[in-house]
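Dock the two chains into a complex; use the hints.
So you can see what is in the structure, the chains are spelled out below.
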Amino acid sequence: MGKFNKSGGREMPELNTSSLPDLVFAFLFFIMMVTTMREVTLKVVFHAPQATELQKLEKKSLVTFIYVGQPTPDLIKKMGPATRIQLNDAFAETNEIQDYIAQEKSSMKEEDQPFMTVSLKADKDTKMGIITDIKQALREAYALKISYSAAMKVQ
Amino acid sequence: MARKKRKAPGVNASSSADIAFMLLIFFLITTSMDTDKGLPRRLPPPVPKDQKQNDAVDIKKRNLLIVLINMNNQVLCGDEYIDIKQLKEKAKEFIDNPNNDEHKPEKVEVDVPYFGKQMVTKNHIISLQNDRGTTYSAYIQVQNELAAAYGELRDAISEKKFGKKFADLDEEKQAAVQMIYPQKISEAEPKNYGNVKKQ
Chain Y
537 MGKFNKSGGR
547 EMPELNTSSL
557 PDLVFAFLFF
567 IMMVTTMREV
577 TLKVVFHAPQ
587 ATELQKLEKK
597 SLVTFIYVGQ
607 PTPDLIKKMG
617 PATRIQLNDA
627 FAETNEIQDY
637 IAQEKSSMKE
647 EDQPFMTVSL
657 KADKDTKMGI
667 ITDIKQALRE
677 AYALKISYSA
687 AMKVQ
Chain L
4 MARKKRKAPG
14 VNASSSADIA
24 FMLLIFFLIT
34 TSMDTDKGLP
44 RRLPPPVPKD
54 QKQNDAVDIK
64 KRNLLIVLIN
74 MNNQVLCGDE
84 YIDIKQLKEK
94 AKEFIDNPNN
104 DEHKPEKVEV
114 DVPYFGKQMV
124 TKNHIISLQN
134 DRGTTYSAYI
144 QVQNELAAAY
154 GELRDAISEK
164 KFGKKFADLD
174 EEKQAAVQMI
184 YPQKISEAEP
194 KNYGNVKKQ
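Top to bottom, those sequences are chains Y and L. Count along the first sequence starting at 1, add 536, and that's the number in this note's numbering. Count along the second sequence starting at 1, add 3, and that's the number in this note's numbering.
Next comes chain L alone, as it looks inside the complex (with noise of 0.2 Å):
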């Protein structure tokens, strides 16, 4: 009995197209395409309990800018009521100052690589105080004005030196960039001003 080769059918492959189609739209249901952005922070570690509070101390008052939030989302720097549109150059002023005013923040002498010796206001804080009744909005903006004023200085000076933005240059010359216009911002412990209630 001469045996035929017995031929395996062929698997129909018609639906498989859909079938992925089906995990396809049930992967677009159930993921989330948006990718999550933020101003980043590091927040001060814990104080311990035992130490007695004694905040600002050694720092002089020409390093300091104190910009305060009130529950009316107005904006206090320095000892001005100033509209948050204007607070970007009031804090790049204070970063950098320019004209070495003896009022804004003292510049001290760091050598720092690629740019040699450089005269950094490296003792300035900025010192961000809010109150319990602000919006979270107004603060964020606030925020942002501070970090899109220190974005501004160091961008300006990565193109000066190496003719890109900040973003792009790398890992090295980001530290150094960072050397001459470091982020002070304080996030300052909570206080509580005027009649606000507790929630």
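Bound conformation, chain Y alone (with noise of 0.2 Å):
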């Protein structure tokens, strides 16, 4: 009576993958998003110092960043362990500061300008003499909203 038809046995259904490729580029995109293109290779070191009263940087296209430590370990030997500064791709000293600023500010938007913010990632030991310098270079060329770049802190 009952037609149970149990030739063949059973076989798992093929799990349809047509539609994988458009999951992986949902998530392409969102990375995209949330990340931002490392645009300069660090050639300094540094670990940044710890603090717990943080804000976000917005927009990060009006930011500019000024790297502040000793050079990388293969190039200390070339260069020694003084302290560096690092503008874009390249070891700079504190008087090239102001023409940097002036040419990324003029590199932005008109209305934007006012809005630069200036992040300075120094390493944690560095000492506050070149850190007073670069202040004093960047009020020299008008670049006054700056961000101590800092690590949050754990408890």
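Straight-line Cα separation of at most 25 Å, DMTMM-like style, residue types lysine to aspartate or glutamate; simulated pairs:
| # | chain 1 | residue 1 | chain 2 | residue 2 |
| --- | --- | --- | --- | --- |
| 1 | L | Lys-167 | Y | Glu-594 |
| 2 | L | Lys-40 | Y | Glu-589 |
| 3 | Y | Lys-595 | L | Asp-39 |
| 4 | Y | Lys-660 | L | Asp-86 |
| 5 | Y | Lys-592 | L | Glu-162 |
| 6 | Y | Lys-596 | L | Glu-174 |
Covered, in the sense of this in silico footprint (three residues per stretch, anywhere, with C-beta under 8 Å from a C-beta of chain L), are these stretches of chain Y:
| # | stretch |
| --- | --- |
| 7 | 576-590 |
| 8 | 657-664 |
Over 10 Å on every C-beta distance to chain L, these chain Y residues come out as not near it, computed from the model:
| # | residue |
| --- | --- |
| 9 | Met-548 |
| 10 | Leu-551 |
| 11 | Pro-609 |
| 12 | Leu-611 |
| 13 | Lys-614 |
| 14 | Ala-628 |
| 15 | Lys-645 |
| 16 | Asp-648 |
Bear in mind the hints are in silico, worked out from the structure with no lab data behind them. We put the CB at the ideal spot given by N, CA and C, even for glycine.
Structure (structure tokens):
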């Protein structure tokens, strides 16, 4: 009476993978949105100091970075262990900062220029002397909005 | 001749997942996820070269709190050595002046939206001075403690008035709270103390 066809056994249904590329693309776009391209290769070693009262930097396009720290291990042989400033891809001296800032400023839209922020990414063992020099240079260049980059302190 | 309709052969899409994965991995490697965080500050505009240096002229002594970090990263607050952990309380006491101490900043009546007339220590200034030999992390820690002092005072008054933290208030209310506790940290002109070698 009952028609239970047992011949052939049960087969695993094939998993439909046709939408897999779409899933991956969606994920890809998500990653592209939330991350930023690393534009410069770091030539200085820097460990950010820790702090708790941090604020996020808004608008990545308005931010200019200045890196301060010791050269990387393979460059330290050539340059010595003295603390260096890195602007974009090259080492620089404090007197070059003003030109660099002016150049960065001119590449921005005019209405954005007052909101330009300089993020100071300095190693935690840097001496304040060099930071003070940078600050003075930034003042001269009228880049008055700065941010001391720091990592969140874990309690 | 009856022509048969030609069917376009379907594109084999089975490898597009692999292509997408390759792109994904490429972006994962070349980008950085870390959002940049920091302590925002405003620098004072540059001093014109012909102007004479006459800092701290009109500031009354009671309105000024000098925080000095020396080259051994010790903190001098007012005129005593303190531990970095005490700095926040010291700063809060100074900014708020709850007991109307005559050695702490004077209070001025200010008309603040939402709050009405308030006695505010409007003219207080925290002057942050450092040596060329101070390490950056000590400096950031002090900056952080001072920011925390302001943050806690603002949070306290926001909770009391609006029942929310300062960060959760809308812009107008934030501005009102900022009027009561204006952040006035002056990063002094660099000075050289003692025997410090130039870098």
